[in-house]
Amino acid sequence: MVNIEDLKAEAKRILKGGNVKYIIGYERPSNAWKANPVFARTPEDVDRLVWDPSCIHNLVRFVVDEKRRKAKEKPVDSRPIGVVVKGCDSRGIVVLIQEKFIERMDVFLIGVSCESTGVVDERKLAKKTVGTTVLKVKFGERMNYVVTTEDGILDIPAADIIADRCLECIASFPVVSDHLLGEKSKRDVPKPFQSVEKMESLPTKGKWDFWEDQLRKCVRCYACRSVCPMCYCDECVVDTINFAVTPETTAEEKAQRIKWLEKSPADSENIFYHLVRAIHLAGRCIDCGECERACPVNIPLRMLNKKMEKEAKELFGYDVGFDAEKPALMSCYLDGDPGDFIR
Amino acid sequence: MVEEFEPRIIAFLCKWCSSAGSDLAGVSRMEYPPNVTPIQVMCSGSVSPLYVFSAFHRGADGVLVSGCHPGDCHYIKGNYYARRKLALTKELLEHVGLEPERFQISWVSAAEGQKYTRIIKDFVNELKPLGPQAKLRRKPSW
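Residue numbers (numbering that gives the first Met the number 0), protein chains in the order written: chain B, 0 to 342; chain D, 0 to 141.
Just so you know, the hints here were simulated from the structure itself, not pulled from any lab data. Note that the structure is predicted; figures quoted are calculated from it, not measured. It cannot be assumed that every hint is accurate.
What the hints assert, rightly or not - Derived lysine-lysine pairs resembling BS3-like cross-links, with alpha carbons at most 25 Å apart:
hint : chain 1 : residue 1 : chain 2 : residue 2
1    : B       : Lys185    : B       : Lys123
2    : B       : Lys206    : B       : Lys309
3    : D       : Lys14     : B       : Lys262
4    : B       : Lys262    : D       : Lys76
5    : D       : Lys127    : B       : Lys206
6    : B       : Lys325    : D       : Lys134
7    : B       : Lys126    : B       : Lys206
8    : B       : Lys197    : D       : Lys134
9    : B       : Lys73     : B       : Lys20
10   : B       : Lys126    : B       : Lys204
11   : B       : Lys33     : B       : Lys126
12   : D       : Lys76     : B       : Lys206
13   : B       : Lys126    : B       : Lys216
14   : D       : Lys138    : B       : Lys258
15   : D       : Lys138    : B       : Lys206
16   : B       : Lys204    : D       : Lys127
17   : D       : Lys138    : B       : Lys216
18   : D       : Lys138    : B       : Lys204
19   : B       : Lys99     : D       : Lys76
20   : B       : Lys190    : B       : Lys312
21   : B       : Lys69     : B       : Lys20
22   : D       : Lys76     : B       : Lys312
23   : B       : Lys258    : D       : Lys134
24   : D       : Lys138    : B       : Lys253
25   : D       : Lys134    : B       : Lys204
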């Protein structure tokens with residue numbers, strides 16, 4: 000079990016020693032059961048840190064933001080930042096290191112184990128606790144969650160309210176960390192791609208009908224892009240506005256500019272955007288499920304990314320986010336890669 | 000009389016092999032369907048999946064990416080990268096419900112004019128029963 004006091008002690012130690020700029024962790028707001036991200040800058044802030052199944056967020060996104068901030072900083076404070084990472088988040092860090100977006104010494108990782116379970120799905124929990132208010136969620140001893148509500152304490156098996164992505168998680172512990180809390184306990188996941196396999200069994204038309212229905216809802220708020228720790232490109236294909244238009248830009252130049260897709264949330268533009276996003280995340284998505292959580296219209300975006308993860312695994316034997324020394328999926332090849340689909 | 004559906008194919012041909020292969024088919028006066036719009040690229044490895052999506056988005060009924068045989072790439076390993084990238088692209092397109100026949104990849108060397116004509120003929124024959132591709136085509140609904 001992760002002892003929260005150990006986490007606080009370690010966080011205090013590194014903050015006091017001035018080894019890190021600040022620590023990004025989770026805190027409990029006064030009015031809700033769900034944890035919030037928090038930046039602990041002084042040893043006193045550390046007391047606010049928590050670790051429980053409501054710590055849904057992937058804090059690696061803040062590491063990406065930090066790099067942006069650092070570029071503008073004067074004078075540059077090159078100390079690392081401390082991050083509390085779950086299993087999936089730590090794999091995100093590995094991918095960022097693998098792509099040389101950050102260096103290993105840019106971050107100090109406080110790894111926390113998910114206790115062979117995972118984090119809570121807000122909607123599933125809401126269904127289980129209709130008519131009452133949840134105050135607190137805690138990890139139980141044997142793959143269960145202890146939910147404190149206004150009407151008393153509930154003991155719910157983890158499998159009932161765990162987030163979908165955690166059901167398919169093959170490593171519920173950090174793969175890299177400077178300080179590990181909890182055990183590297185592994186849970187048996189007989190079918191790590193069961194949701195995708197269900198989808199694959201549909202006929203072509205069924206698949207299209209499903210995605211057309213889902214992606215029609217998209218309002219193109221780009222929340223999925225903003226929340227994704229892997230979407231760190233400075234220029235995105237969907238933002239034509241990124242190309243500066245100056246008074247000297249001629250009409251001809253503007254006309255010559257490549258515009259891959261329109262900004263309007265029309266069906267065809269939506270699917271184009273999501274296809275591009277999925278292929279960009281192929282072999283990089285660590286399945287933290289943030290895109291799906293952030294989506295205001297509940298598009299099952301994980302199903303696109305998980306499919307790419309599955310193909311990376313099945314076609315090329317590539318596991319995302321386990322080894323920072325290995326080359327990235329798309330920047331390497333093997334002589335024996337499957338080519339039977341090629342004429 | 001109802002006019003028969005003529006599919007429109009966008010073919011990304013690598014400069015060193017497939018483009019030369021299609022040239023050979025042309026200068027040898029081999030007959031093949033006129034449904035292809037070839038686009039010469041420097042290497043099949045330079046074909047971004049974005050190009051493929053974009054071609055469908057602008058109304059292509061089928062997309063062909065063609066490069067050198069493995070081991071023959073002018074840039075030594077471009078087609079190996081292409082093989083990985085396009086395998087994933089193909090899987091993704093099938094996953095969202097595009098007919099698998101619409102996106103094809105082939106290796107055509109500069110000497111294989113005959114093979115090139117055969118691939119195009121097969122491709123056109125496969126596309127005809129599917130009808131126009133309307134799924135990814137741009138539909139301005141606003």
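Here's how the hints hold up against the structure:
{"no.": "1", "hint": "B/Lys185 - B/Lys123", "in the structure": "holds, 23 Å"}
{"no.": "2", "hint": "B/Lys206 - B/Lys309", "in the structure": "holds, 17 Å"}
{"no.": "3", "hint": "D/Lys14 - B/Lys262", "in the structure": "violated, 34 Å"}
{"no.": "4", "hint": "B/Lys262 - D/Lys76", "in the structure": "violated, 36 Å"}
{"no.": "5", "hint": "D/Lys127 - B/Lys206", "in the structure": "holds, 22 Å"}
{"no.": "6", "hint": "B/Lys325 - D/Lys134", "in the structure": "violated, 37 Å"}
{"no.": "7", "hint": "B/Lys126 - B/Lys206", "in the structure": "violated, 28 Å"}
{"no.": "8", "hint": "B/Lys197 - D/Lys134", "in the structure": "holds, 22 Å"}
{"no.": "9", "hint": "B/Lys73 - B/Lys20", "in the structure": "holds, 14 Å"}
{"no.": "10", "hint": "B/Lys126 - B/Lys204", "in the structure": "violated, 32 Å"}
{"no.": "11", "hint": "B/Lys33 - B/Lys126", "in the structure": "holds, 16 Å"}
{"no.": "12", "hint": "D/Lys76 - B/Lys206", "in the structure": "violated, 34 Å"}
{"no.": "13", "hint": "B/Lys126 - B/Lys216", "in the structure": "holds, 24 Å"}
{"no.": "14", "hint": "D/Lys138 - B/Lys258", "in the structure": "holds, 16 Å"}
{"no.": "15", "hint": "D/Lys138 - B/Lys206", "in the structure": "holds, 20 Å"}
{"no.": "16", "hint": "B/Lys204 - D/Lys127", "in the structure": "holds, 18 Å"}
{"no.": "17", "hint": "D/Lys138 - B/Lys216", "in the structure": "holds, 16 Å"}
{"no.": "18", "hint": "D/Lys138 - B/Lys204", "in the structure": "holds, 19 Å"}
{"no.": "19", "hint": "B/Lys99 - D/Lys76", "in the structure": "holds, 22 Å"}
{"no.": "20", "hint": "B/Lys190 - B/Lys312", "in the structure": "holds, 13 Å"}
{"no.": "21", "hint": "B/Lys69 - B/Lys20", "in the structure": "holds, 11 Å"}
{"no.": "22", "hint": "D/Lys76 - B/Lys312", "in the structure": "holds, 22 Å"}
{"no.": "23", "hint": "B/Lys258 - D/Lys134", "in the structure": "holds, 20 Å"}
{"no.": "24", "hint": "D/Lys138 - B/Lys253", "in the structure": "holds, 23 Å"}
{"no.": "25", "hint": "D/Lys134 - B/Lys204", "in the structure": "holds, 11 Å"}
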